[in-house]
Amino acid sequence: MSKKIILVYFIFLIIFSLSIYFFVFYHKKNNFSPQNLQSIIFTPSSWRTKYLSPCDAIIVGEPDSSNWVKITFHCPNGVKNSTFVITALKQRSWKNIINEYARIIGFSSSEVFDNKQWTCYSDRKTPLDTLTDWDKNVQTNESIDCLSQKYNFQYLKQYYGL
Amino acid sequence: MVYKKASFISLVKVISILLICFLGFNLRSYHYSSVPKPGDSLDEYANAWSGLGLIKVGIPIGWSYLESSIYPIVNQYINIDNIYQTGGANGNPFSLHYPWLDHPPGMGILTGGFAYIKGARVLEDASTVVIRKPMLYLGALNILLLFFIGYLYFNYKTGLIASIIYSVSPLIVVANRLPQSENGFVPLFLLSVIFIKLFQNKNNYLYLFFAAIISGTGIWFKIPALMITISGLLLILFSSPNSFKKQLKPALIFTIIAISFGVFPLLAYGIALNPQAFFQVLFFHSQRAYGIGLSAIYKLFTQSKITGSIFLTDGWLVFGWLSWLIIMASIKKQDQKSILNIPLLVCLMFFIFLGSEFYGWYVFPFFPWLVLSIAVMFNSNEKTVLSVLSVLVTLPPQVLLSKLASIYDFSNIINIWRLILPTYLLFITICYLNQNQILIKIQKILIYIWFALAILLSIKYVYCLSPIIWPSIN
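Those sequence lines, one after another, are chains A and B.
Read in the numbering used here, the first sequence has 50 at position 50, and its numbers run on one by one without any break.
Read in the numbering used here, the second sequence has 1359 at position 359, and its numbers run on one by one without any break.
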């Protein structure tokens, strides 16, 4: 292999590397925006299994983080428990948590906020009736229990032995 | 007439190898998206997301354990493949980094690019159904490339046996489905070795140039792919009949081209995205804890991991390691000695030196070379090697039968088996101590019967590996 060929190779390599640099740099400049980033990360896939209600699926497993809240749906077909890590949210209100939980599972969150379908209690005692209740800031290790119309508050007290 | 017969034999040979590739592809395709279970290795998503992010928003996005204040990190639940319902992520959100620079972009562009072509537009779209698909083709390509290595360095038979084993070994089949960087650079490793051999055979520097470019491309997949360059360098220096001094020039040219072609474009990529983050991640990697432990080689010989925690015991792997040790002691020709030892030893060096944790994919680059060692055993006419082979060839069927026994009822076979194996071992001992040529001929036939059994059982076992069986394979 002659010196000339090696020289040609290095010229090619420099041009190739510079092309990569400019391509990546301008591709990022033209395509990156917080909206695009938000869209690629947060948009649920249209291909994956979606569930119709919070009674159909849960988040399985106990996360490593200590910043969690417990979400429990008392469904006609049984109790559905999930542990949700709140570091995944900027605004930690029950409304945002339920919205995010619904996005992950794939059901419509509006049914949870509809008092006719679910009655929700924070920390097993405080009913979440008004919008202000839902918007209240949530602390680590708190819990929410949502009861289907089959159950009432007496059931919840009995369920937790309160 | 003679010409026609020769061309017919050639045609049969070509068809045979193509059929083996097809078999390998078919085995890899069976339940490919659900075995291993999605979530067994979350790294496969990180790779694909980085490519998809790079294409879609101009920045690689991926999850990582690393901490940094230089670039943004967000915790986010991404319910890809329903891993939060199956428990794959154990309820943990992903710690997303952008730009994600944990690894070079090669694997990301391959899997994320494939996902993009198939219509994926958001991270959750990059499911195993899509991102594992290109790996099946690479797995089948490996079979063909391994055949060429066996053929070029030894003979057709060695290439054929190596490719059969590589196409059916359950561990290799399942491992080949994972979009891990190792699976991206292994075909380049094999291709580079082929071009080095062609360079040595034909003394044409164009082949050396291709070998170097291919070796360098490996670095775009993962930095430990430098092992391809180191192997190439040592192969050029030691596998040629020419003097060491004469080989210095091509070895130097190869190394300079390979490293420059791997490093310069990678630097350009990192600097264009975020130079501070790029160098910080490189620094983090150099500071990673050495978790592989002091018993790394022992674990390597005895454990066959697929991911971080999933094991798939495979007799072919143990057969490979033991064959390598036997062959190392018995092989005489310089180029054959080199091809059997250099790549494997370089893999071993990288495994021990760079080992952070004992993840299954760190072992993937060993597979072709272990399989080649097994195939070479079948070539040997040495009596001792034949006797060792007679014992080793029973390992894969033993492991596979015990695994299949947990799926099917083998209670009837066990009594026959306890008779067959001791009788066979007695026969081998007699052959070993006796010089009788007829007995040795029978021994050779029995070896091939065991080999055929091992192949059939491997195929059967791969077709048993369903999502239902998978959780209990450990």
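Just so you know, these hints were derived from the structure itself, not from any lab.
Yeah, the Cβ is synthetic: ideal placement off N, Cα and C, and Gly gets one too.
Hints may be right or wrong, so weigh each one.
Where chain B lies over chain A, by a calculated footprint (3+ residues, C-beta under 8 Å) [said to hold, decoys possible]:
1. 4 to 17
2. 33 to 43
If you want the footprint, here are the derived chain A segments under chain B, 3+ residues with CB under 8 Å [what the hints assert, rightly or not]:
3. 46 to 58
4. 62 to 75
5. 85 to 99
Proximity test - 8 Å, beta-carbon atoms, the stretch 33 to 43 of chain A to chain B, at least three hits: Three-residue rule met by the stretch 33 to 43 of chain A, so holds; n is 8.
Whether chain B covers the stretch 46 to 58 of chain A (at least 3 residues having a Cβ closer than 8 Å to its Cβ atoms): Holds: 6 residues of the stretch 46 to 58 of chain A have a Cβ under 8 Å from chain B.
Within the assertion that chain B covers the stretch 4 to 17 of chain A, do at least three residues meet a Cβ-to-Cβ distance smaller than 8 Å? holds (count 8)
Chain B covers the stretch 62 to 75 of chain A, three or more CB atoms within 8 Å, holds or violated: Since three or more residues must qualify, the claim that chain B covers the stretch 62 to 75 of chain A holds, with 4 doing so at under 8 Å.
Verdict on chain B covering the stretch 85 to 99 of chain A, criterion of 3 CB contacts below 8 Å: holds (count 3)
Hint compliance for this structure: every hint is met.
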